[in-house]
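S.K.: Sequence:
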Amino acid sequence: MDDEHLVIFRRGHPCELSVLPAVSEQLVKKEIAQFVREYFACATISYELLDKIVSFCMNSSQQEFLGNILCTISPCVKKYHFRKSHRHTLKYIIEQLEMRHAEIGWQLYSCLTNSMIHNTVYVDRIYFDESFSKCIIVQENRYQLSQGTTGLSCWQASCDLANYLLKHGRDYINGSNILELGAGCGLLGIALAASGFAKSVTLSDGNVDVLNVIHDNIRSNFSKNCDVIDVIFLEWETIDVGNIPVVPDVIFATDVVYDILTIKPLVSAIKKLLIEFAKEIKAGPRCLLANTVRNQETMDKFIACTGRIQVDSNHVMQLYSVLANYTVVQPRFGFGKYCFLFTLDLLF
3 MDDEHLVIFR RGHPCELSVL PAVSEQLVKK EIAQFVREYF ACATISYELL DKIVSFCMNS
63 SQQEFLGNIL CTISPCVKKY HFRKSHRHTL KYIIEQLEMR HAEIGWQLYS CLTNSMIHNT
123 VYVDRIYFDE SFSKCIIVQE NRYQLSQGTT GLSCWQASCD LANYLLKHGR DYINGSNILE
183 LGAGCGLLGI ALAASGFAKS VTLSDGNVDV LNVIHDNIRS NFSKNCDVID VIFLEWETID
243 VGNIPVVPDV IFATDVVYDI LTIKPLVSAI KKLLIEFAKE IKAGPRCLLA NTVRNQETMD
303 KFIACTGRIQ VDSNHVMQLY SVLANYTVVQ PRFGFGKYCF LFTLDLLF
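For what it's worth, the numbering used here labels the leading residue of the sequence shown as 3, then goes sequentially.
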């Protein structure tokens, strides 16, 4: 694969997995790399893949290798917060190994124990670059709806769009000033900032609790003197363009179309941003919206609303079909729901 289609993190946490010969050799095996990515990204792991991991762990040295990775990726992520999905995964692997009368090393037991005693409200997702040399860590609330908002959890569209942009859509982000609406935990913006391709990234949300999580995630991934990424409070209903520190070349939004009541404020905000910033940029900014289709009626109303207030919503592609092979980011609930990418442009 050429460099143009490799996910690269120039910033983030050093993992150093790729420089260790034994580790590098094993990670070349597709199923091992896939398991490590899905395990730490808290994605749904298929039983087919888990059974391959069980077979891999029948060899004691290979089991030790995998156990060492699961116990600690690098010194900077030792305080990794586990979740129930890790517990279920580890229990399945250990139970299957016991049924095959395999000797089980302390690493797998240690990981299982940690996953049972570290029961916190906030948990972590870790996303690796292509070479496993660097990673980003995104903290989220384990509950999809918490403190009156869904923005404290990572959602599928942010994962899908991040992967698409880093692997196939660099023309959108290379050297660009980026604004994200409804940034949630900040996965998309943090991934783009970590890649080093974007000139600047501004994350926005209208919920103070969500902004606090974004700030925490930025602090955990970037040095204090990193001036590439910024965070602002931005409500769609009362949007003030003057509060946006950098004129954006591209505006992103992911999984923000889920409630019929928020559709009109969202589209109105996008229209206002496109109009105001068109005065600053000759070609005008571009707006891309990625959304998982959970309710077709809601998406239909969103598309209808864009036309009524003179914004053209053009369906670009289905990210599900484009991204057959996930690398850095994984969908939260496997591959069950489709994510579509739209461009939003002014009609006049």
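Worth flagging that the hints you see were computed from the coordinates, not collected in a lab.
Careful, some of the hints might be misleading.
[To be verified] Simulated crosslink set (PhoX-like; lysine-lysine; CA at most 20 Å straight-line):
1) Lys273 / Lys303
2) Lys303 / Lys284
3) Lys266 / Lys281
4) Lys266 / Lys284
5) Lys93 / Lys54
6) Lys303 / Lys201
7) Lys226 / Lys201
8) Lys303 / Lys266
[Stated by the list, open to error] Derived DEER-like restraints, expressed as beta-carbon distance ranges:
9) Gly309 / Asn227: 16 to 26 Å
10) His103 / Ser48: 34 to 44 Å
11) Arg296 / Asp173: 24 to 34 Å
12) Arg296 / Gly177: 51 to 61 Å
13) Ser48 / Asp242: 25 to 35 Å
14) Ala104 / Gly177: 45 to 55 Å
15) Ser135 / Cys73: 14 to 24 Å
Heads up, the beta-carbon is just placed ideally off N, CA and C, and yes, glycines get one too.
S.K.: Hints first: check each against the structure and report whether it holds.
M.R.: Each hint, compared with the structure:
As the CA atoms of Lys273 and Lys303 are separated by approximately 17 Å, the hinted pair is consistent with the 20 Å bound. A distance of roughly 31 Å separates the Cα atoms of Lys303 and Lys284; the hinted pair therefore is violated under the 20 Å criterion. A hinted pair counts as satisfied when its Cα atoms are at most 20 Å apart, and Lys266 with Lys281 does not qualify at roughly 23 Å. For the given pair, Lys266 sits about 27 Å from Lys284 by alpha-carbon distance, which is inconsistent with the 20 Å threshold.
Restraint check: the Cα-Cα separation between Lys93 and Lys54 comes to about 15 Å, which is no more than 20 Å; the hinted pair holds. Restraint check: the Cα-Cα separation between Lys303 and Lys201 comes to about 34 Å, which exceeds 20 Å; the hinted pair is violated. Between Lys226 and Lys201 the CA atoms are separated by roughly 17 Å; this keeps the pair inside 20 Å, and the hint holds. Distance hint between Lys303 and Lys266 is fulfilled; the C-alpha atoms sit about 10 Å from each other, no more than 20 Å.
At roughly 45 Å, the beta carbons of Gly309 and Asn227 sit outside the given window of 16 to 26 Å. Distance hint check for His103 and Ser48: the Cβ-Cβ separation is about 25 Å, which falls outside the suggested range of 34 to 44 Å. A hinted range of 24 to 34 Å holds for the C-beta pair Arg296 and Asp173, which are about 29 Å apart. For Arg296 and Gly177, the hinted distance range of 51 to 61 Å is not satisfied, since their beta carbons lie about 34 Å from each other.
The given range of 25 to 35 Å is broken by Ser48 and Asp242, whose C-beta atoms sit roughly 46 Å from each other. In this structure the supplied range 45 to 55 Å holds for Ala104 paired with Gly177, their Cβ-Cβ distance being about 52 Å. For the pair Ser135 and Cys73, the beta carbons lie near 19 Å from each other, so the given range of 14 to 24 Å is met.
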